[in-house]
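Enquirer: Given these sequences and hints, build the entire structure.
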Amino acid sequence: MAEVLQLEIVTPERLVEKDTIEQIQIPGKNGYLGILPGHAPLITELGVGEITYTADGMAYYVAVAWGFAEVLPDKVTILAETAERAENIDVERARKAKERAEERLRSASGEVNYQRALVALDRANVRLQVAEKKR
Amino acid sequence: MANILDIRRRIRSVRNTRQITKAMKMISAARLRRAQERALSARPYAQMLTNVLKSLVSRAEIFDPETGAPRHPLLAQRPEKNILVIVVTADRGLAGAFNANILKAAARFLAVNSGKNTDLEAVGRKGRDFLRRRFPTATTERVERAGAVRIVGEHIGVLGKLQFEYVRDFSESVIDRYTKGEIDSVYVLYNEFKSVIAQRLVVEKVLPIEEIGEKTIAQAEELTKEEREKRAEAAASAGVSLGEADTTEMDRRAAAFATAQVDYIYEQPPAELFRDLLPKYVAVQIYRSMMESTAAEHAARMTAMDSATSNADEMIDKLTLAMNRARQAKITKEIIEIVSGAAAQ
Chain W
1 MAEVLQLEIV
11 TPERLVEKDT
21 IEQIQIPGKN
31 GYLGILPGHA
41 PLITELGVGE
51 ITYTADGMAY
61 YVAVAWGFAE
71 VLPDKVTILA
81 ETAERAENID
91 VERARKAKER
101 AEERLRSASG
111 EVNYQRALVA
121 LDRANVRLQV
131 AEKKR
Chain X
1 MANILDIRRR
11 IRSVRNTRQI
21 TKAMKMISAA
31 RLRRAQERAL
41 SARPYAQMLT
51 NVLKSLVSRA
61 EIFDPETGAP
71 RHPLLAQRPE
81 KNILVIVVTA
91 DRGLAGAFNA
101 NILKAAARFL
111 AVNSGKNTDL
121 EAVGRKGRDF
131 LRRRFPTATT
141 ERVERAGAVR
151 IVGEHIGVLG
161 KLQFEYVRDF
171 SESVIDRYTK
181 GEIDSVYVLY
191 NEFKSVIAQR
201 LVVEKVLPIE
211 EIGEKTIAQA
221 EELTKEEREK
231 RAEAAASAGV
241 SLGEADTTEM
251 DRRAAAFATA
261 QVDYIYEQPP
271 AELFRDLLPK
281 YVAVQIYRSM
291 MESTAAEHAA
301 RMTAMDSATS
311 NADEMIDKLT
321 LAMNRARQAK
331 ITKEIIEIVS
341 GAAAQ
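In the order they appear, the protein sequences are chains W and X. Quick note on this note's numbering: the first sequence kicks off at 1 and runs consecutively. Quick note on this note's numbering: the second sequence kicks off at 1 and runs consecutively.
No lab work stands behind these hints: they were computed from the structure. Owing to the predicted nature of the structure, the values given are computational and were not obtained by experimental measurement. Heads up, the beta-carbon is just placed ideally off N, CA and C, and yes, glycines get one too. Heads up, some of the hints might be wrong.
Using 20 Å as the maximum straight-line C-alpha spacing, the simulated SDA-like pairs for lysine to any residue come out as follows [stated by the list, open to error]: (1) Lys-96(W) / Pro-41(W); (2) Lys-18(W) / Lys-333(X); (3) Lys-230(X) / Ser-310(X); (4) Lys-161(X) / Asn-88(W); (5) Lys-318(X) / Asn-82(X); (6) Lys-75(W) / Lys-230(X); (7) Lys-98(W) / Tyr-264(X); (8) Lys-161(X) / Glu-13(W); (9) Lys-161(X) / Ala-97(W); (10) Lys-18(W) / Arg-253(X); (11) Lys-75(W) / Pro-208(X); (12) Lys-133(W) / Glu-13(W); (13) Lys-98(W) / Glu-165(X); (14) Lys-161(X) / Arg-14(W); (15) Lys-54(X) / Pro-41(W); (16) Lys-230(X) / Ser-173(X); (17) Lys-333(X) / Asn-3(X); (18) Lys-29(W) / Tyr-264(X); (19) Lys-180(X) / Gln-115(W); (20) Lys-75(W) / Ile-11(X); (21) Lys-205(X) / Asn-82(X); (22) Lys-205(X) / Glu-172(X).
Only some residues are given here: those of chain X computed to face chain W with a beta carbon under 7 Å [claimed, not checked]: (23) Ala-39; (24) Leu-40; (25) Pro-44; (26) Asn-51; (27) Phe-164; (28) Tyr-166; (29) Phe-170; (30) Phe-257; (31) Tyr-264; (32) Glu-267; (33) Gln-268; (34) Leu-273; (35) Asp-276; (36) Met-315; (37) Ile-316.
Label-pair distances were calculated between CB atoms; the ranges are [unchecked claim]: (38) Thr-54(W) / Arg-134(X): 58 to 64 Å; (39) Gln-115(W) / Gly-160(X): 27 to 33 Å; (40) Arg-95(W) / Ser-58(X): 41 to 47 Å.
Expert: Okay, structure coming up:
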């Protein structure tokens with residue numbers, strides 16, 4: 001049984017993260033999943049949320065908005081539309097995005113706009129939450 | 001005979017211009033390298049997404065087993081009555097025939113499809129300006145429009161620092177119009193970029209999706225041989241490599257994504273996964289086309305500036321020759337004057 005996992009986080013823009021890790025928690029669409037080495041092969045969609053993983057006993061946090069993950073016994077590959085490490089999050093921008101989303105929620109007309117604003121708000125909230133965890 | 005002082009002035013002015021074109025060429029070369037890198041780092045994601053979708057096609061029964069009709073609206077072919085064309089040009093000029101070629105191809109494509117109602121989305125300032133002069137901008141009310149062409153949207157100043165989030169929002173709005181039935185198909189007209197010398201001007205059909213992982217090209221145009229040679233020359237003098245970007249180790253791993261010979265547990269039903277992934281695939285296609293177009297734009301500008309620089313070289317040579325001749329003529333004239341003056345005494 002493998003002792004560690006290879007982690008890769010890929011976005012359309014670049015490879016965000018490549019690391020050897022001991023365990024990881026990913027925000028599945030239907031709830032968080034904890035993954036340890038030797039996990040059964042799995043494919044899942046990700047929701048908006050926070051990835052937490054430990055490498056060398058240190059915890060790391062990454063905010064993701066929609067993504068997709070493939071889990072193999074010795075490897076986790078995450079495709080995320082956006083992924084930002086806690087220390088790289090622009091708090092100011094996230095806060096502004098949140099305000100904008102709230103504004104849109106109040107004035108949104110039509111179901112689609114409302115849905116979109118909700119998603120945007122979600123994303124901004126997660127970003128802020130994760131940013132708070134930076135060391 | 002031209003005045004020596006005038007010629008000298010012209011030489012100086014051409015020299016100044018040459019300095020500018022040379023600098024612009026080097027800047028374009030640097031931007032081209034960066035654009036190539038960005039296009040490269042976008043590849044793994046696209047590849048992985050394609051893999052997952054392909055593996056899902058068989059599992060999710062995307063096609064109705066009896067009729068063979070696709071169950072997903074983004075795959076369904078409809079008769080083309082209303083089409084959307086996304087025309088990707090550059091925000092800036094001075095890139096040789098780059099923008100003109102795209103707009104010419106657009107005119108050709110529109111001529112072929114003149115019987116259909118055509119909406120245009122203009123990406124890049126140059127294309128927007130040109131299309132605006134030729135076609136009316138959309139009005140809110142839907143008018144009687146058999147075969148009419150109109151501009152429904154424009155995207156200016158996004159290509160320089162292309163953000164995936166921007167493209168995602170754009171493609172969501174396109175998909176929205178498509179699923180509502182406002183448009184029956186979506187084409188992207190852009191400059192495909194494999195390397196400095198391997199480029200094509202293509203019209204790619206992004207919706208409906210005909211085959212995942214394969215491009216559906218409706219119209220294509222290769223670079224001429226002459227143009228390719230010019231590019232190769234420009235690239236060599238600017239220190240840009242000609243080859244296609246190498247397949248990196250990351251690409252190889254991307255190719256293996258989701259294709260392991262194991263039974264995956266699917267957290268969500270495959271059909272649902274497929275439904276959620278397909279729009280992302282469309283967004284990635286559009287994103288890729290914009291990135292390639294940007295790289296092609298810089299390559300075209302680099303070539304244009306290289307030609308401009310060598311033209312300036314030529315001109316300086318010609319002017320220098322003319323100036324020397326004029327000077328010589330002047331000296332000869334003066335000697336004749338002195339000699340004939342001495343003889344007269």
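Enquirer: Each of the hints needs a verdict: does it hold here or not?
Expert: Comparing the hints with the structure gives:
For the suggested pair Lys-96(W) and Pro-41(W), the alpha carbons sit about 39 Å apart, so the restraint of at most 20 Å is broken. Simply put, Lys-18(W) and Lys-333(X) have alpha-carbon atoms about 79 Å apart, too far for the 20 Å limit, and the pair is violated. A hinted pair counts as satisfied when its Cα atoms are at most 20 Å apart, and Lys-230(X) with Ser-310(X) qualifies at roughly 11 Å. Between the alpha carbons of Lys-161(X) and Asn-88(W) the distance comes to roughly 18 Å, so the proposed pair stays at or under 20 Å and holds.
A distance of roughly 56 Å separates the Cα atoms of Lys-318(X) and Asn-82(X); the hinted pair therefore is violated under the 20 Å criterion. Between Lys-75(W) and Lys-230(X) the alpha-carbon distance is near 47 Å, which puts this suggested pair outside the 20 Å criterion. The suggested pairing of Lys-98(W) with Tyr-264(X) is violated, with an alpha-carbon distance near 37 Å, which exceeds 20 Å. Simply put, Lys-161(X) and Glu-13(W) have alpha-carbon atoms about 11 Å apart, close enough for the 20 Å limit, and the pair holds.
Proximity of Lys-161(X) to Ala-97(W) is assessed by CA-CA distance (about 19 Å); at most 20 Å being required, the pair is judged to hold. For the suggested pair Lys-18(W) and Arg-253(X), the alpha carbons sit about 12 Å apart, so the restraint of at most 20 Å is met. Distance hint between Lys-75(W) and Pro-208(X) is unfulfilled; the C-alpha atoms sit about 34 Å from each other, more than 20 Å. Between Lys-133(W) and Glu-13(W), the direct Cα distance comes to roughly 24 Å. Violation of the 20 Å bound is thereby established for this hinted pair.
At most 20 Å may separate the alpha-carbon atoms for a hinted pair to count; Lys-98(W) and Glu-165(X) meet this at roughly 16 Å. Under the criterion of a C-alpha separation no larger than 20 Å, the hint pairing Lys-161(X) with Arg-14(W) is consistent with the structure, at around 14 Å. A threshold of 20 Å between alpha carbons decides the hint, and for Lys-54(X) with Pro-41(W) the separation of about 18 Å falls inside it, so the pair holds. A hinted pair counts as satisfied when its Cα atoms are at most 20 Å apart, and Lys-230(X) with Ser-173(X) does not qualify at roughly 40 Å.
A C-alpha spacing of about 14 Å is found between Lys-333(X) and Asn-3(X), which places the hinted pair at or below 20 Å, so the restraint holds. Proximity of Lys-29(W) to Tyr-264(X) is assessed by CA-CA distance (about 17 Å); at most 20 Å being required, the pair is judged to hold. For the given pair, Lys-180(X) sits about 17 Å from Gln-115(W) by alpha-carbon distance, which is consistent with the 20 Å threshold. Using a Cα cut-off of 20 Å, the hinted pair Lys-75(W) and Ile-11(X) is violated, with the two alpha carbons roughly 65 Å apart.
Of the pairs offered as hints, the one joining Lys-205(X) and Asn-82(X) holds, with about 14 Å between alpha carbons and a cut-off of 20 Å not exceeded. As the CA atoms of Lys-205(X) and Glu-172(X) are separated by approximately 16 Å, the hinted pair is consistent with the 20 Å bound. Interface hint at Ala-39(X): violated, since its Cβ lies 11 Å from the closest Cβ of chain W, which is beyond the 7 Å cut-off. Given the 7 Å rule on beta carbons, the hint for Leu-40(X) is violated: about 10 Å separates it from the nearest Cβ of chain W.
With a cut of 7 Å, the hint placing Pro-44(X) at the interface with chain W holds, because the nearest CB-to-CB distance is about 5 Å. With a cut of 7 Å, the hint placing Asn-51(X) at the interface with chain W is violated, because the nearest CB-to-CB distance is about 9 Å. With 7 Å as the threshold, the beta carbon of Phe-164(X) comes within range of chain W, its nearest partner Cβ sitting at about 4 Å, so the hint holds. Taking 7 Å as the C-beta cut-off, the interface hint given for Tyr-166(X) is violated, the closest approach to chain W being about 11 Å.
Interface hint at Phe-170(X): violated, since its Cβ lies 13 Å from the closest Cβ of chain W, which is beyond the 7 Å cut-off. At its closest, the beta carbon of Phe-257(X) sits 6 Å from a beta carbon of chain W; the interface hint therefore holds under the 7 Å criterion. With a cut of 7 Å, the hint placing Tyr-264(X) at the interface with chain W holds, because the nearest CB-to-CB distance is about 5 Å. With its C-beta approaching chain W no nearer than about 4 Å, Glu-267(X) sits inside the 7 Å limit, and its interface hint holds.
Because the beta carbon of Gln-268(X) sits about 6 Å from the nearest beta carbon in chain W, less than 7 Å, this interface hint is met. Interface restraint check for Leu-273(X): the shortest CB-CB distance to chain W comes to about 6 Å, inside 7 Å, so the restraint holds. Of the supplied interface hints, the one on Asp-276(X) holds, with its beta-carbon coming within about 6 Å of a beta-carbon of chain W, less than 7 Å. The interface hint given for Met-315(X) is broken, as the beta carbon of that residue sits about 43 Å from the closest beta carbon of chain W, more than 7 Å.
Taking 7 Å as the C-beta contact cut-off toward chain W, the hint placing Ile-316(X) at the interface is violated, the least distance being around 44 Å. Hint check: Thr-54(W) to Arg-134(X), Cβ distance near 59 Å, so the stated range 58 to 64 Å holds. Checked against the hint of 27 to 33 Å, the pair Gln-115(W) and Gly-160(X) passes, with Cβ atoms roughly 30 Å apart. Restraint check, Arg-95(W) to Ser-58(X): a C-beta distance of roughly 45 Å satisfies the suggested window 41 to 47 Å.
The structure fails hints 1, 2, 5, 6, 7, 11, 12, 16, 20, 23, 24, 26, 28, 29, 36, 37 (numbered hints given earlier, in ascending order).
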